[in-house]
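So the sequences go chain by chain: A and B.
Heads up: the first sequence is residues 144 to 653, going by our numbering.
Heads up: the second sequence is residues 132 to 490, going by our numbering.
Source of the hints: derived by calculation from the structure; they are not laboratory data.
Computed from a predicted model, the values in this text were never measured in an experiment.
Heads up, a few of these hints could be off.
Derived, one-sided and incomplete: chain A residues facing chain B with beta-carbon distance under 10 Å [stated by the list, open to error]:
| id | residue |
| --- | --- |
| 1 | Ala474 |
| 2 | Asp476 |
| 3 | Val485 |
| 4 | Ser486 |
| 5 | Asp496 |
| 6 | Pro513 |
| 7 | Ile514 |
| 8 | Ala515 |
C-beta atoms are modelled at their ideal positions from N, C-alpha and C, and glycine is treated no differently.
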Amino acid sequence: MSFTPVRGSVTLSARSVGKIYPPANVVLGGVDLDLAAGRVHGLLGANGAGKSTLIKILCGIERPTSGHIRVADGGEVRFAGPEDAERAGIGVVHQELPLLPNLTAAENMVLGQQSGGFWSGRRRRAVEREYRLRAEAFPGAPAADALLKTVGLHGWQMTAIIRARYLGSRVVILDEPTSSLDAGERRVLHENLRRMAADGVAILYVSHFLEDVLDVCDEVTVLRDGRVALARPAAGLSARDLLLAMTGDTTLIDAALAPSKHTQRIGSGLVIHRLRCPGIGPLDLAVGLGERVGLYGLEGAGSRTVLEAIFGLRPHEGEATWRQRPLRGHAGDRIAAGVGFVSGDRARTLIGDWSVARNHGLPALANRRPIAHLRPIEELRSARAAIRQLAIKGDAIQQLRSLSGGNQQKVALGRWLNRSGICLLAADPTRGVDVRGRLAIHAALRAFCAQGNALLVHSMDPDELVELCDRVLIVVAGRIVATLQGDALTSEALESATRLRGSPAMDRVA
Amino acid sequence: MRDYLRRTVDLATSTSAQALQSYAVFLVLLAICIGLSAVSDVFPTIDNIGNISEQVSVVGVAAMGMTLLLVSGNIDLSVGGQVALIGVVVATVSNYTDVVVGVLAGILVGGALGTLNGIIVTWFSVNSLVATLGSGLAFGGAAFLLSGSQPIVLVDRTLQIAMNLRLLRVPVPTYLFAAVIVGATWFLHSTVGGRELFAVGANPEAARYAGLRVDRVRFVPFVIMGLLCALASLILTGLLNTADPGAGARLPLDVIAATVVGGVSIMGGRGTVFMAVVGVLLIGVVSNGFNLLGLDPNYQSIFSGIIIVVAVAVDSALQKRAARLRPAGMARMEQRRPPSDSAVSLGDREREPADRTNA
Chain A
144 MSFTPVRGSV
154 TLSARSVGKI
164 YPPANVVLGG
174 VDLDLAAGRV
184 HGLLGANGAG
194 KSTLIKILCG
204 IERPTSGHIR
214 VADGGEVRFA
224 GPEDAERAGI
234 GVVHQELPLL
244 PNLTAAENMV
254 LGQQSGGFWS
264 GRRRRAVERE
274 YRLRAEAFPG
284 APAADALLKT
294 VGLHGWQMTA
304 IIRARYLGSR
314 VVILDEPTSS
324 LDAGERRVLH
334 ENLRRMAADG
344 VAILYVSHFL
354 EDVLDVCDEV
364 TVLRDGRVAL
374 ARPAAGLSAR
384 DLLLAMTGDT
394 TLIDAALAPS
404 KHTQRIGSGL
414 VIHRLRCPGI
424 GPLDLAVGLG
434 ERVGLYGLEG
444 AGSRTVLEAI
454 FGLRPHEGEA
464 TWRQRPLRGH
474 AGDRIAAGVG
484 FVSGDRARTL
494 IGDWSVARNH
504 GLPALANRRP
514 IAHLRPIEEL
524 RSARAAIRQL
534 AIKGDAIQQL
544 RSLSGGNQQK
554 VALGRWLNRS
564 GICLLAADPT
574 RGVDVRGRLA
584 IHAALRAFCA
594 QGNALLVHSM
604 DPDELVELCD
614 RVLIVVAGRI
624 VATLQGDALT
634 SEALESATRL
644 RGSPAMDRVA
Chain B
132 MRDYLRRTVD
142 LATSTSAQAL
152 QSYAVFLVLL
162 AICIGLSAVS
172 DVFPTIDNIG
182 NISEQVSVVG
192 VAAMGMTLLL
202 VSGNIDLSVG
212 GQVALIGVVV
222 ATVSNYTDVV
232 VGVLAGILVG
242 GALGTLNGII
252 VTWFSVNSLV
262 ATLGSGLAFG
272 GAAFLLSGSQ
282 PIVLVDRTLQ
292 IAMNLRLLRV
302 PVPTYLFAAV
312 IVGATWFLHS
322 TVGGRELFAV
332 GANPEAARYA
342 GLRVDRVRFV
352 PFVIMGLLCA
362 LASLILTGLL
372 NTADPGAGAR
382 LPLDVIAATV
392 VGGVSIMGGR
402 GTVFMAVVGV
412 LLIGVVSNGF
422 NLLGLDPNYQ
432 SIFSGIIIVV
442 AVAVDSALQK
452 RAARLRPAGM
462 ARMEQRRPPS
472 DSAVSLGDRE
482 REPADRTNA
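Bound conformation, chain A alone (with noise of 0.2 Å):
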């Protein structure tokens, strides 16, 4: 494909593109978007809002019912999949990307373009040399032999950029790349994104996280309820900007920006003593009645294994108590002495053919005998009132499948709310949730600590940790190396304090 970019000129722009779901429901009204070779443009919006459907309706997934797209050279296009997107120079690094684990990172960036021809030792070099070149370009790559289930969600995606560059695209949509990432691997992807649009690449860079979007992007447009709310360069906007712009009401923003109140009652609350399983520990901590503590470790630091290893899913040694009663046994032992679990990967503790009240009312049942008869009626109201609580999008009867994202989150947190004394365990509990439900979920979660029950949480975004709790363990190889609260606790703070001792993999050999 013969194409010179020039920085600036508009190499994609969709025109008033709307999308209606029969009957009516109409998920685009008309946007308008301008994606410029060498800029990287952002998109936000809360759930909802049409996100997911603009980027689908660009990569060729979906067909918009109105309005049209127009590529630099190539005058107005038409999509009847996502192969016509990638021919005309699309390329999509989505947030559950489509590569092959149990193929290397060489081979996942030719993936589809050259059919076979990996036995024989020739194609693969010529195919790994290339990759080698274009991997300069970006560095922490994964090595073009690495088979790419081993590499880290952060391999993935720089895989996938790379297989961007390879096919020549000329606009790379991104959706949701840092939500799993730690602050050092976001300030690589940011830095080779920009290298990528200094290559003339136009990017569409789509985010819950605000702070990425005005770190990286050059300009921004936000969505709310299939319309544009905003479209402005970034420069000069701030985060509050971009918050109302897409909620459209203050009293949210005003309700999260707030200083919290320390709501800490040190009580008999959870207390554990020399906790070890493999990777972790020993390792003692304690969780107040009311209060909230974060965990904050880089990935493979073992926060989220220290939660799975007190709700019982791992074995460990150590002593675990919550109210003074012991927690041992199975996961199913621990609900019934009230500890609760909520994991922001939803596809592994949800189910998704199920409707949201039977997703509701499953860890109910952990603790009733096997011939005990269901409650259908209190378990459609239990969910009715969560439902109603964290302002959920759905109804009880909804296949949980059919619900957003974010409405999702919602449903596994709803499942521990409904009752009193517990110790709630959150591993990233709103990973891929949208600004808005964040607050909501953030709030619910004050809400429910200050009724005297507790919440450890893990996160892989500091900032998250940071707006929600008292203090804050920092984790580095499987120990507690710091807390920090009051005003030493910062996003700043805490991502340094994750290098107090080098990097975790040193320390594990130890």
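Starting from the known structure of chain A, arrange chain B on it as the hints suggest.
Leaving out everything else, chain B in the frame of chain A:
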């Protein structure tokens, strides 16, 4: 009134896309019945219907157990071996002692064989397909050894008389089958244990995170299957008054065929007792129809084979349709998950069976 409300709410909160298929199969069953009634005067008689229900009772009773197993994400290929071995035990013990002792011994052995299967699958984490293929061969071999490779005729005819009895023109095995249907429906669809089977079959990881004892949940249906095999074996032995060590050769396939034809998903997590019953009846009616029309029984095998493949194809098509009814592209995205965020849990991902909700 309250019970009615409970059922309605329960139905409303179930989002099974499978319901459609079970009705489709039900309509096919009705159509075949109407067709057969038109061409044959014998078919719609009460006696013939009694015959059909008696003939399907052995497969039917085992199919109820298979439904529970399939829903929980497992399968049992050893039903043939179990039925044969239990039959031989019942006949041998009856001939040596008393028929009541024989029946009790059969039930005991059934429970034991099911427990054995359950232990192999849950404690030793052997794939149920392989585990029960092996155990089925072993059970069958034991049956031949114990019986000296000869069918054993029961001296005491009590069992035969009981099983061939008709009350109100309905054969006793039909009552037994009906009782098992009622029991299975109750367990699978109105108890906590039944819901747990669905959860474990649909997403074992989600069940684990909700505190369910996944291994225990998986274990129970194997034991139930063993006990139901004992009942099936008692019916079979009673009807013929003979325990044949080779009796179960075709049974596993017939049972799985009937269940799957009805629409119980072989991938776990989806299915109802009603579906399995419709499947059992469909196969039984077709077989009966072939007999009445005097067709070569070999056609029957061909026909049954075709129905099974069509049923599974319809199942897949419905799944795809259900996927398309969601915003397009969702399914595609759900197929792949990003690598999990903690390096330690990589092992978990690999142990976890393929995501069944998308299968």
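Practice problem: Compare the structure with the hints numbered earlier in the document and write down the numbers of the violated ones, lowest to highest. | Solution: none
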